[in-house]
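Chain residues, written in single-letter form:
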Amino acid sequence: MVKIPVLKSITEANALLADAIRARFVQQDVLVLNIIASPGAGKTTLLERTIEKLHGELRLSVIEGDPTTSLDSERIGAAGVPVVQINTDGGCHLEARMIQVALEQLDVEDADVVIIENVGNLLCPTGWDLGEDAKVVVASLPEGDDKPLKYPMAFATAQAVVINKIDLEPYLPAQASVLRQNALRINPDLAVFEVSALTGQGLEGWLGWIRTKLAKKRES
Amino acid sequence: MHEASITEAMLDLALEYAQGQRITDIYLQVGRMSFVVPGCVEFYFEHLSKGSLAEGATLHFETVPLEMTCTDCGRQADLSKWADEQPRTIMVQALARGCQCGSQNLRVTGGTGFNMLSIGVEAAPTSRKEKENEE
Numbered sequence: 001m002v003k004i005p006v007l008k009s010i011t012e013a014n015a016l017l018a019d020a021i022r023a024r025f026v027q028q029d030v031l032v033l034n035i036i037a038s039p040g041a042g043k044t045t046l047l048e049r050t051i052e053k054l055h056g057e058l059r060l061s062v063i064e065g066d067p068t069t070s071l072d073s074e075r076i077g078a079a080g081v082p083v084v085q086i087n088t089d090g091g092c093h094l095e096a097r098m099i100q101v102a103l104e105q106l107d108v109e110d111a112d113v114v115i116i117e118n119v120g121n122l123l124c125p126t127g128w129d130l131g132e133d134a135k136v137v138v139a140s141l142p143e144g145d146d147k148p149l150k151y152p153m154a155f156a157t158a159q160a161v162v163i164n165k166i167d168l169e170p171y172l173p174a175q176a177s178v179l180r181q182n183a184l185r186i187n188p189d190l191a192v193f194e195v196s197a198l199t200g201q202g203l204e205g206w207l208g209w210i211r212t213k214l215a216k217k218r219e220s
Numbered sequence: 001m002h003e004a005s006i007t008e009a010m011l012d013l014a015l016e017y018a019q020g021q022r023i024t025d026i027y028l029q030v031g032r033m034s035f036v037v038p039g040c041v042e043f044y045f046e047h048l049s050k051g052s053l054a055e056g057a058t059l060h061f062e063t064v065p066l067e068m069t070c071t072d073c074g075r076q077a078d079l080s081k082w083a084d085e086q087p088r089t090i091m092v093q094a095l096a097r098g099c100q101c102g103s104q105n106l107r108v109t110g111g112t113g114f115n116m117l118s119i120g121v122e123a124a125p126t127s128r129k130e131k132e133n134e135e
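Chains as they are written, first to last, in this note's numbering: chain G, 1 to 220; chain R, 1 to 135.
Hints were generated in silico from the structure; no laboratory data involved. Remember, predicted model here, so these are calculated numbers, not experimental data. Quick reminder that beta carbons are idealized off the backbone N, C-alpha and C, glycines included. One thing to keep in mind: the hints can contain errors.
Claimed, not checked - List time: in silico DSSO-like cross-link candidates among lysine-lysine, alpha-carbon distance up to 27 Å:
id	chain 1	residue 1	chain 2	residue 2
1	R	Lys50	G	Lys150
2	G	Lys8	R	Lys50
3	G	Lys3	G	Lys150
4	G	Lys213	G	Lys53
5	G	Lys3	R	Lys50
Claimed, not checked - Simulated DEER-style distance windows between Cβ atoms:
id	chain 1	residue 1	chain 2	residue 2	range
6	R	Glu122	G	Ser70	40 to 50 Å
7	G	Glu52	R	Arg88	35 to 45 Å
8	G	Arg97	R	Gly113	14 to 24 Å
9	G	Gly40	R	Cys40	20 to 30 Å
10	G	Arg75	R	Glu8	28 to 38 Å
11	R	Gly56	G	Arg24	34 to 44 Å
12	R	Ala123	G	Leu71	53 to 63 Å
13	R	Arg88	G	Arg24	34 to 44 Å
14	R	Gly110	G	Val178	20 to 30 Å
15	R	Ala123	G	Asp110	36 to 46 Å
16	R	Glu8	G	Leu172	54 to 64 Å
17	G	Leu16	R	Gly98	30 to 40 Å
Said to hold, decoys possible - Listing some non-contacts, in silico: residues in chain G with all C-beta distances to chain R over 12 Å:
id	residue
18	Gln27
19	Gln28
20	Leu58
21	Glu95
22	Pro142
23	Glu169
24	Arg180
25	Ser220
Construct all of the structure, not just a fragment, from the sequences and the given hints.
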């Protein structure tokens, strides 16, 4: 046998493509967020509310990852922003090559912020760079306040955590303060927001974070 | 499903380096926090490599332990006493104990990757350069 050294990360092809996508977004001054959460955490509802609140102020575009259906992209389309659907055909996460294809159908020049809604899953999406500026985890209170300890890599690689469904706190054994504490134990640099996407409670902090991120990107 | 796409990427990388030669072995490094399950990779590899130059190749997995570093003093945490535990348990235990400098700010700095170290191809009596690489 002849040994040929490789010494490469298996996901290097993905990383290279993600860097190319990132470079393109830098050129176009567009902020890109990669939203990661378990199924049912409220990613799409948070997006709908975010679109509504930022309407007329920032131009948003959305890339929707979904294993099989177009239900979410229909909701986002109804909210009135450009949306591209990626069906992963059962796949558990989005990859940079899928974003590249999606971008062919999106006029990024006309956007300030592109939000990628990843497939509902707290494990696999964390391992795939999509060329985003920041990963954001949406963790809803009914899932339990120990989520950061069970899925530490999602929280370790994110820049912000949106704790959703806090309007349900009186009915649950889970506490937003404990979830926040656990998230910060895994990653002390996290920006944490406690919101109810349904009622609109607490959204200002989250919207402010998006504004600041975009402004910082455009300054640099 | 995760392992299917990761195995596909792994197979592509191996075939790229083999440059048309038959692959007999693939040497891989799996981080304990990579969430890559070697058994799953083997299962998908058998299926995906069929008909390719990597069909029948043996996969060798080397495990890379979890590594955590203090963001305040830069010390690497000693995780040896939990070596047999699940990586999440190790992480939670290490965070609870903190660093010996008193800081609670530990970050995962290793054991998250899935890397290919090398591939083994069938020795062919061709160029001198290949012979030099022979073991």
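For this session: Run the C-beta distances from Arg180 of chain G to all of chain R and say if the shortest one exceeds 12 Å.
Result: holds (15 Å)
Problem set entry | Glu122 of chain R versus Ser70 of chain G beta-carbon gap, inside 40 to 50 Å or not | holds (47 Å)
Problem set entry | 12 Å cut-off, C-beta based - Ser220 of chain G kept clear of every residue in chain R | holds (23 Å)
For this session: Mind checking the hinted window 34 to 44 Å against the Cβ distance between Arg88 of chain R and Arg24 of chain G?
Result: holds (36 Å)
For this session: Assess, step by step, whether the Cα of Lys3 of chain G is no farther than 27 Å from the Cα of Lys150 of chain G, and give holds or violated.
Result: Given that 27 Å is the threshold and the Cα spacing comes to 39 Å, the pair is violated.
Exercise. Is 20 to 30 Å right for how far apart the beta carbons of Gly40 of chain G and Cys40 of chain R are?
Worked result: holds (25 Å)
For this session: Starting from the hint 30 to 40 Å, judge whether the C-beta atoms of Leu16 of chain G and Gly98 of chain R obey it.
Result: holds (37 Å)
Exercise. Since Leu58 of chain G was said not to touch the interface, does its Cβ keep a gap of more than 12 Å from each Cβ of chain R?
Worked result: Leu58 of chain G clear of chain R: closest Cβ-Cβ about 32 Å, beyond 12 Å.
Exercise. Does Lys50 of chain R lie within 27 Å of Lys8 of chain G when you go C-alpha to C-alpha?
Worked result: holds (23 Å)
Exercise. Was Glu169 of chain G rightly flagged as not at the interface, with every chain R Cβ beyond 12 Å?
Worked result: Holds: least Cβ distance 24 Å, greater than 12 Å.
For this session: Quick one: work out the minimum CB distance from Glu95 of chain G to chain R and report holds if it exceeds 12 Å, violated otherwise.
Result: violated (7 Å)
For this session: Could you say whether the range 28 to 38 Å given as a hint is met by the Cβ separation of Arg75 of chain G and Glu8 of chain R?
Result: holds (31 Å)
Violated hints for the displayed structure, listed by number in ascending order: 1, 3, 15, 16, 21.
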